[in-house]
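If you want the building blocks of each chain, they are given just below.
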Amino acid sequence: QKEVEQDPGPLSVPEGAIVSLNCTYSNSAFQYFMWYRQYSRKGPELLMYTYSSGNKEDGRFTAQVDKSSKYISLFIRDSQPSDSATYLCAMRRAAGNKLTFGGGTRVLVKP
Amino acid sequence: ETGVTQTPRHLVMGMTNKKSLKCEQHLGHNAMYWYKQSAKKPLELMFVYNFKEQTENNSVPSRFSPECPNSSHLFLHLHTLQPEDSALYLCASSQDEGARRVGTEAFFGQGTRLTVV
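Residue numbers (our numbering), protein chains in the order written: chain R, 1 to 111; chain W, 1 to 117.
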């Protein structure tokens, strides 16, 4: 079993819809949770980070963490064609700096 | 100047060649990383350097040799690679403040697309 599971997609939505992404993980030691966006032929770009359980909102993006279920989510409101990319979840323990990534979900927002 | 710069962007090399990838960060961070991204696989951490000292080698074959001369520069020296080593190699940096880090997560470069023929 992979430490972090993420549906590869593609997830296709119409412009303006809400994009819902999620990851599940098996290691209860993970404390910090991140979402990265990666455009084709580019490096990953940090979108959101959260510490432990709870919600965090930043503009059109909302990140949720449910540690009891070992489940994290990213929601993108009012999606735009420019949101078309691969979204990677990542997480790490409280100490150390090793990130464990999901495989990424490819998102397509159609005009 | 972007935060993390990698050169070259693309590299094609034969299995007997020796080449090096370069990474430079302009963010004042003290930790640098090499990651490998292969098709349909998660990002794999290869090496971690904190304050120029290697703190993690994630069971990487010896044909990959990292070098960190200072906290702003990181190299990955390549020799006698195999075709399965073809991938996107990503450099990242972060500010590591030990166990009490607060959100200064890793920032990535654009990557070097490596093809081994």
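Be a bit skeptical, because a hint or two may be false.
A few chain W residues that don't get close to chain R, going by computed Cβ distances all over 12 Å [said to hold, decoys possible]:
# : residue
1 : Thr16
2 : Glu44
3 : Thr80
Here are the computed distance ranges between Cβ atoms for each label pair [as the list claims (entries may be wrong)]:
#  : chain 1 : residue 1 : chain 2 : residue 2 : range
4  : R       : Glu45     : W       : Pro8      : 36 to 44 Å
5  : W       : Thr7      : R       : Gly54     : 37 to 45 Å
6  : R       : Arg41     : W       : Leu27     : 28 to 36 Å
7  : R       : Ala94     : W       : Arg113    : 18 to 26 Å
8  : R       : Gly16     : W       : Pro61     : 23 to 31 Å
9  : W       : Pro83     : R       : Arg106    : 50 to 58 Å
10 : R       : Leu11     : W       : His10     : 38 to 46 Å
11 : R       : Gly54     : W       : His79     : 42 to 50 Å
Simulated pairs of lysine-lysine, DSS-like, Cα-Cα distance not exceeding 25 Å [to be verified]:
#  : chain 1 : residue 1 : chain 2 : residue 2
12 : R       : Lys2      : W       : Lys22
13 : W       : Lys41     : R       : Lys70
14 : W       : Lys19     : R       : Lys42
15 : W       : Lys22     : R       : Lys42
16 : W       : Lys18     : R       : Lys2
17 : W       : Lys18     : R       : Lys98
18 : R       : Lys70     : W       : Lys52
19 : R       : Lys70     : W       : Lys22
20 : W       : Lys19     : R       : Lys2
21 : W       : Lys36     : R       : Lys42
22 : R       : Lys2      : W       : Lys52
23 : W       : Lys22     : W       : Lys52
24 : R       : Lys110    : W       : Lys18
Think of the hints as simulated: they come from the structure by calculation, not from any bench.
None of the values given here were measured: they were computed from a predicted structure.
For each residue, glycine too, the CB sits at the ideal point set by N, CA and C.
Against the structure, the hints:
{"no.": "1", "hint": "Thr16", "in the structure": "holds (28 Å)"}
{"no.": "2", "hint": "Glu44", "in the structure": "violated (8 Å)"}
{"no.": "3", "hint": "Thr80", "in the structure": "holds (27 Å)"}
{"no.": "4", "hint": "R:Glu45 - W:Pro8: 36 to 44 Å", "in the structure": "violated (21 Å)"}
{"no.": "5", "hint": "W:Thr7 - R:Gly54: 37 to 45 Å", "in the structure": "holds (40 Å)"}
{"no.": "6", "hint": "R:Arg41 - W:Leu27: 28 to 36 Å", "in the structure": "violated (22 Å)"}
{"no.": "7", "hint": "R:Ala94 - W:Arg113: 18 to 26 Å", "in the structure": "violated (34 Å)"}
{"no.": "8", "hint": "R:Gly16 - W:Pro61: 23 to 31 Å", "in the structure": "violated (48 Å)"}
{"no.": "9", "hint": "W:Pro83 - R:Arg106: 50 to 58 Å", "in the structure": "violated (25 Å)"}
{"no.": "10", "hint": "R:Leu11 - W:His10: 38 to 46 Å", "in the structure": "violated (29 Å)"}
{"no.": "11", "hint": "R:Gly54 - W:His79: 42 to 50 Å", "in the structure": "holds (47 Å)"}
{"no.": "12", "hint": "R:Lys2 - W:Lys22", "in the structure": "violated (31 Å)"}
{"no.": "13", "hint": "W:Lys41 - R:Lys70", "in the structure": "holds (21 Å)"}
{"no.": "14", "hint": "W:Lys19 - R:Lys42", "in the structure": "holds (22 Å)"}
{"no.": "15", "hint": "W:Lys22 - R:Lys42", "in the structure": "holds (16 Å)"}
{"no.": "16", "hint": "W:Lys18 - R:Lys2", "in the structure": "violated (34 Å)"}
{"no.": "17", "hint": "W:Lys18 - R:Lys98", "in the structure": "violated (28 Å)"}
{"no.": "18", "hint": "R:Lys70 - W:Lys52", "in the structure": "violated (34 Å)"}
{"no.": "19", "hint": "R:Lys70 - W:Lys22", "in the structure": "violated (37 Å)"}
{"no.": "20", "hint": "W:Lys19 - R:Lys2", "in the structure": "violated (33 Å)"}
{"no.": "21", "hint": "W:Lys36 - R:Lys42", "in the structure": "holds (13 Å)"}
{"no.": "22", "hint": "R:Lys2 - W:Lys52", "in the structure": "violated (31 Å)"}
{"no.": "23", "hint": "W:Lys22 - W:Lys52", "in the structure": "holds (15 Å)"}
{"no.": "24", "hint": "R:Lys110 - W:Lys18", "in the structure": "violated (44 Å)"}
In summary, the structure is inconsistent with hints 2, 4, 6, 7, 8, 9, 10, 12, 16, 17, 18, 19, 20, 22 and 24 from the numbered list given earlier, while agreeing with the others.
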